[in-house]
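J.: Chains as they are written, first to last, in the numbering used here: chain U, 5 to 228; chain G, -8 to 215; chain H, 14 to 223.
Possibly wrong hints are sitting among the right ones.
[As the list claims (entries may be wrong)] Under the rule of at most 25 angstroms between Cα atoms (straight-line distance), these lysine-lysine pairs were calculated in the DSS-like manner:
(1) 17/U with 144/H
(2) 180/H with 144/H
(3) 180/H with 53/G
Hints were generated in silico from the structure; no laboratory data involved. Because the structure is a prediction, the values reported are computed rather than measured.
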Amino acid sequence: MATRFTPFICILKRDLIIACRNRYELINPLLFFIMVIVLFPLAMGTDQTMLRDITAGMIWVTALLASTLSLDAMFRTDFEDGSVEQLTLSNYPLTLLVGAKILAHWLVTGVPLILVSLLVGYILSLSYAALMALFITLLLGTPILSLIGAIAVALTIGLRGGMLLSLLILPLYMPVLIFSMLAVNNANDGLSISAECYFLAGLLVLAITLAPVATAASLRIRLS
Amino acid sequence: MLLSLVLFAVGLYGGLVMAPADYQQGDSFRIIYIHVPSAWMSLFVYMVMAISGGIGLIWHMKIAEIVARSSAPIGASFTFIALVTGAIWGKPMWGTWWVWDARLTSELILLFLYLGFIALQSAFEDRRVAARAGAILALVGIVNIPIIHYSVEWWNTLHQGPTVTKFDSPSIHLSMLIPLLIMSLAFTSYYFSVMLTRCRSEILEYEANANWVKELLTTKTASI
Amino acid sequence: MPRFETQQLESIRRDNILFKDISFSLDQGELLQIDGVNGSGKSTLLRICAGLTLPNSGAVLWDNTSIDSNRHHYLQNMTYVGHQNGVKDALSVHENIQVIHALSGTSDVLDCTSTLNQVGLSIDEDVLLGKLSAGQKRRVGLCRLVLNTSQLWLLDEPFTSLDIEGKALIERLIVSHCQQGGMVIFATHQAIEIEGADIRHIHLGKTNGN
């Protein structure tokens, strides 16, 4: 059975190596994230209590936008240099290989985003409970974003502009945002957040099962 | 087409003239004869779209692809009508055009899903690729619609009290219900007639190279 | 005995018929060239044969079964090298070869140097692919043919950006593959003469204008 996972690990490793060699592209979403966070107080004034109330929501919305912007990179170069064709025609299920690519993408964009979000949340003096809730929801939520996003990226790759991509995925992202914010608000009020987390975990499982299949199908369609 | 016109006439007469005015809302409630059927249809059309898209994807049936493609703009307009009438209704009832009511919000998200579908379809040059890509998106959307709906509902009930729901009280007098049902039949038959008309023109365009289309054209022009 | 066959393939692009009624079959050891002017649909036909693009009508058969219904079996027996090389600029030559090897599904141990020698490359394996010339990249892409054990090769313009020596090398690869019972379909607009091989031709051209 070990052979089944060799290509999975190979593609994972390949994408991680490529990501590390283009370090600047990794930093861009993080810079974007921090800059948008700075925009909020500039627009809304520096009223401390008001800002503290919206900090968690601000962080989540910004993280969502940043991950949307970074999605495009998942298949772009592969599409341009013909690698997608070869993945499609390899002897292994495309679903598996696509899964590896999505995991790699989450590791290089999702994980840094989580860390920076926590840092920003800490600096902006979120309560400990809210910070924990933020961490858990981001941990469960960002993979869902990458998985759902992968479908839309596969459909729109090589088409004009990123606007179409955002138009397609933002409606699909809404449940994740809603549950995450409910959890964070509950935590702020000292309530249990397990219900929301179970929901997010359920969504994650659903996304893990369906999204790679849909992404593989989308890639095949996009190539034809 | 004729059937839907007759049903429209009967339904509108029943709804606007015969049904008694609501004791709470007066005559303004009569907008439900447009609002409710179009809201029902907006969901129904999306289901038709996703199912026929799926059929087209799996069995490569051209007709199913065309049905999905022709349904999208109609469904989007139903959703739009439902939103606009909802807002018009909301103005005298809630005193504002827009409240963040769960149903209105999920209807708005549905509109985004429709618009995304249409945008994706128009981005492809090749019709068949567009149809298959759209089918994937519609299927992803249909999995997401219940999740979006319930998450929005949950978000909403936790944020504001159930003040809104009393307007949608399920107990409805028969004299109001019958015109409503007739109206929804009218909407359904209208949808099918428009959809079939659109399908016909799509097929003619699709098969512009086929011999039977050319024959049809020559006989038509000859008879004129 | 494995056999490749197409039945009445038709492709329509932007309401124009690109080609129709393309039927041919290939037995072991046969070599087929698809030729025609630019835009005549050579690449499309090859992509349909590879199962990447769906034909508007018609079918592609391998072992007398449609490649759609028996996709996995077909993929194990087919290697496609397209316009693009399918190799990554950001990876080193060695890493690229590793990826190709891992995806090929063979259990053979990888010998990178000898693989590169077979396509006539003797370079530092740790150099980034992006630093190589177009012809060298093409050769790395063509390593697929050496690393896979497929019977059917589908090559789209295999000779682009190769020098005379490289071209001769690929021709030799093709001939020896056919002699060992393989099949090759390649698409190019150039007139190709390969010594010791009998090339069949399919000509794609103007489809009587209507």
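J.: Against this structure, judge whether each hint is valid.
T.: The hints, checked one at a time:
Using a Cα cut-off of 25 angstroms, the hinted pair residue 17/U and residue 144/H holds, with the two alpha carbons roughly 21 angstroms apart. At roughly 21 angstroms between alpha-carbon atoms, residue 180/H and residue 144/H fall within 25 angstroms of each other, so this suggested pair holds. With a C-alpha separation of about 44 angstroms, the suggested pair residue 180/H and residue 53/G falls outside the 25 angstroms cut-off, and the hint is violated.
Hint 3 alone, counting from the list given before, is not met by this structure.
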